[in-house]
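Here the protein sequences line up with chains A and B, keeping their order.
Heads up: take any position in the first sequence, counting from 1, add 35, and you land on our numbering.
Heads up: take any position in the second sequence, counting from 1, add 35, and you land on our numbering.
Take the hints with a grain of salt, since some may be wrong.
Chain copies aren't distinguished; within one or between two, either way the pair holds.
Claimed, not checked - Below, in silico cross-link-like pairs of lysine to any residue (SDA-like), each with a Cα-Cα straight-line distance of 25 Å or less:
| id | residue 1 | residue 2 |
| --- | --- | --- |
| 1 | K236 | G201 |
| 2 | K413 | E216 |
| 3 | K413 | D279 |
| 4 | K206 | T368 |
| 5 | K413 | T379 |
| 6 | K413 | D156 |
| 7 | K413 | D51 |
Derived by calculation from the structure, the hints in this document are not laboratory data.
Number of protein chains: 2
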Amino acid sequence: MSNHPRDPFPAGGNPDAHATGMPVVTVIGDGQLARMMQTAAIEMGQSVRLLAGSAGASAAQVAADVIIGDYTDLDALRGAAEGASVVTFDHEHVPARHLRALMDAGVNVQPGPDALAHAQDKLIMRERLRQLGAPVPPFTAVDSVDDATTFFDDVDSRVCLKARRGGYDGKGVWFPGTREELIRLVTELLGRGVPLMAEEKVRLDRELSAMVARTPSGRCAAWPVVESVQTAGVCTEAVAPAPDLPPALGERAGELAVKIAGDLGVTGVLAVELFLVHADSGGEARILVNELAMRPHNTGHWTQDGSRTSQFEQHIRAVLDLPLGSPEPVGGTTVMANVLGADTDPDQSLHDRMIEVWNRFPDAKIHLYGKDWRPGRKIGHVNLTSDPGLGGGVPELRRRARLAAHYLVHATWADGWISD
Amino acid sequence: MSNHPRDPFPAGGNPDAHATGMPVVTVIGDGQLARMMQTAAIEMGQSVRLLAGSAGASAAQVAADVIIGDYTDLDALRGAAEGASVVTFDHEHVPARHLRALMDAGVNVQPGPDALAHAQDKLIMRERLRQLGAPVPPFTAVDSVDDATTFFDDVDSRVCLKARRGGYDGKGVWFPGTREELIRLVTELLGRGVPLMAEEKVRLDRELSAMVARTPSGRCAAWPVVESVQTAGVCTEAVAPAPDLPPALGERAGELAVKIAGDLGVTGVLAVELFLVHADSGGEARILVNELAMRPHNTGHWTQDGSRTSQFEQHIRAVLDLPLGSPEPVGGTTVMANVLGADTDPDQSLHDRMIEVWNRFPDAKIHLYGKDWRPGRKIGHVNLTSDPGLGGGVPELRRRARLAAHYLVHATWADGWISD
Ligand SMILES: Nc1ncnc2c1ncn2[C@@H]1O[C@H](COP(=O)(O)OP(=O)(O)OP(=O)(O)O)[C@@H](O)[C@H]1O
Ligand SMILES: Nc1ncnc2c1ncn2[C@@H]1O[C@H](COP(=O)(O)OP(=O)(O)OP(=O)(O)O)[C@@H](O)[C@H]1O
Ligand SMILES: [Mg+2]
Ligand SMILES: [Mg+2]
């Protein structure tokens with residue numbers, strides 16, 4: 036086209052999927068986080084290229100520029116990065132040495148491997164956070180059965196054993212009840228070459244999540260602190276803002292997340308998973324950091340319908356070093372309930388289940404990831420934002436979100452409700 | 036996968052782009068409306084197939100299942116419809132006989148050709164609306180120069196000449212100032228085979244838009260009535276809800292849109308473009324219908340950031356006969372300003388222009404369509420929702436939205452603002 040300035044972002048991959056003058060964001064990963072980053076990017080006129088494991092995966096299914104390959108294969112990473120304005124991730128499992136190789140070749144990787152190390156390895160994370168003065172549970176490296184049993188005694192048998200790397204959704208987290216169980220576990224895991232650490236099993240009141248976005252130039256924006264509910268290690272629910280949180284505590288949690296983002300040089304979205312604990316004597320509430328995620332996070336899904344800027348839009352803006360959007364909530368409270376595959380897949384089609392849920396709860400915002408059913412699999416989430424017109428407050432909102440999410444996978448109403 | 040019910044929506048086209056158990060929505064068209072329908076569908080776990088004119092077009096650029104073809108070619112339409120749960124549109128230009136052929140072959144077409152006729156042909160629309168008792172300006176068919184000049188006298192030379200079919204953005208609308216100009220225009224246009232009509236050139240105070248969605252089962256949801264601003268026939272701005280609209284008038288406009296949707300059997304989103312007029316003597320305000328659009332509409336873009344349910348999500352839900360979402364606004368007022376290609380394309384990249392706009396207006400929601408620059412071309416829009424914290428009310432919101440949209444194509448601030 037005549038009179039057109041030179042494209043500052045020349046496209047590699049599928050050039051048809053690329054708008055002139057706009058960045059190409061390569062996302063390593065093909066899950067729901069990549070899928071939702073993509074819709075956010077498209078709305079801003081940008082294009083996303085994926086490095087996906089398969090063409091039918093959640094994000095790959097709906098993407099126009101997909102490279103099929105393995106994220107542990109440097110050549111595949113190189114191909115996906117070609118011509119990209121920035122490379123980012125929907126998980127933390129890309130080997131650091133590969134990211135360094137990309138950076139050496141001039142690729143803009145956000146977040147970088149030095150920051151990512153603290154989301155990849157729970158021991159490195161704990162050590163660094165302690166060094167920064169952030170509150171963490173007592174912990175130790177476990178390189179031998181001896182390390183584990185000594186720690187077991189130190190924490191009065193309240194032990195939580197963790198795989199240092201690769202865990203998610205509670206896979207890689209164990210709570211051995213006895214010394215014998217601990218010894219058995221550690222022997223088996225170390226024998227299989229799984230690097231381990233142990234920490235105190237915290238007497239937690241609730242779990243919180245403090246989420247921020249940070250740009251390479253150091254701009255930060257923090258969403259309100261969220262309460263998250265884990266069931267068997269899997270996030271099932273998030274309530275934003277966290278109900279009945281002492282304001283000072285919420286502020287401290289937000290500041291802590293901003294400080295961690297800055298100190299570790301995080302770019303994009305950072306989720307700081309927190310434990311809320313009371314001192315044994317019933318003293319003042321305290322927060323402890325559980326772990327860090329450097330990407331959009333399950334506890335941030337509420338932002339799609341409950342905040343001026345969704346975590347997916349914000350992540351894209353942050354890794355591109357664009358000014359950040361407002362993290363303000365749009366309504367009162369937003370509840371997010373995860374849609375987790377039931378033990379069996381009902382005969383009723385997912386489409387018909389959506390109809391039933393919307394007939395009962397017209398205000399449910401249903402997000403689905405295009406994933407086939409598997410027991411326990413995250414296949415979607417439901418957001419509900421409080422409406423001044425609806426009674427019952429936050430507990431009622433939570434009840435409704437849970438009922439909706441339950442119906443979507445069971446095709447039954449957990450409270451026995453029957454439509455007329 | 037074992038234990039999986041039979042897919043009620045088997046995929047044609049690209050089966051990788053299709054999630055089991057979920058509908059496939061075929062959209063005929065490749066513009067920004069199709070692009071934004073698609074992101075909405077993806078969030079609900081659905082898949083969209085496009086019949087697009089080219090692979091680089093706004094929607095095709097970002098779609099995983101694209102059939103390149105001509106929407107006037109029945110075979111192309113047949114291919115795009117294969118295996119689709121429903122066929123819908125991002126424009127009204129598909130020939131009715133082709134839609135009837137699809138329906139005869141069992142394809143679910145929404146909206147159907149009988150409804151669409153009233154969005155395709157302005158004379159058919161006017162005649163039908165008059166028959167329904169809806170308020171319309173005086174009008175006539177123009178099959179000869181005589182028809183035109185007789186009407187010219189009837190309306191005291193206040194004439195508006197329109198192509199019956201195929202117009203958009205004011206192309207196909209003329210306001211001849213003199214009898215001679217009218218004769219010249221009509222002679223030329225009829226000579227070129229353009230079917231014409233004429234109507235009174237209305238003394239309009241403002242333009243409004245009443246938007247509703249309707250499902251095949253007859254459910255309806257109406258958004259608040261919007262004020263729309265046209266500049267040289269092109270929509271440049273929309274304010275939702277329309278400021279200072281007498282509530283009774285807003286209600287009447289909403290009811291009228293619901294009635295039209297029902298009477299014409301419209302499915303999906305319907306926009307009823309309205310003129311607000313005062314009686315000559317300064318009497319009571321009245322509304323007149325200008326025209327109908329049966330698809331998401333420019334005056335509904337505000338819903339993406341200002342309503343619980345965006346018009347794109349609602350259109351998809353409506354054509355699939357799903358329960359409709361809430362059309363309630365989420366904030367106070369939302370202003371939408373169109374981003375229209377300037378006469379020349381500035382050297383600063385579009386990406387850098389976004390940065391500048393966000394630096395000045397962090398709350399601007401910028402939507403871009405992935406389109407290359409052309410003078411006057413709709414390449415995006417900006418939404419701004421009022422924030423109780425920001426002074427100046429709606430006029431200030433409008434000023435800011437206009438400034439942002441202007442910067443995005445001119446790379447200059449229309450008010451001379453200089454960042455520090
Ligand atoms: N030290 C601890 N004390 C008590 N409970 C814990 C402790 N560590 C983890 N948990 C529980 O197990 C859950 C999962 O732990 P963690 O977040 O470390 O695992 P993960 O597999 O990495 O999960 P994610 O899906 O969040 O990545 C926590 O949310 C919490 O409910
Ligand atoms: N009868 C009329 N009297 C006065 N102004 C009119 C009249 N008809 C049209 N206009 C002006 O011209 C604009 C475009 O007219 P119309 O909506 O019929 O054209 P269009 O090309 O189909 O536009 P669209 O892009 O909305 O499809 C209107 O929004 C209005 O501003
Ligand atoms: Mg965790
Ligand atoms: Mg019009």
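We went through each hint and held it up to the structure:
| no. | hint | result |
| --- | --- | --- |
| 1 | K236 with G201 | within (20 Å within a copy, 69 Å between copies) |
| 2 | K413 with E216 | neither (30 Å within a copy, 66 Å between copies) |
| 3 | K413 with D279 | neither (28 Å within a copy, 47 Å between copies) |
| 4 | K206 with T368 | neither (30 Å within a copy, 46 Å between copies) |
| 5 | K413 with T379 | within (14 Å within a copy, 48 Å between copies) |
| 6 | K413 with D156 | within (23 Å within a copy, 48 Å between copies) |
| 7 | K413 with D51 | between (32 Å within a copy, 19 Å between copies) |
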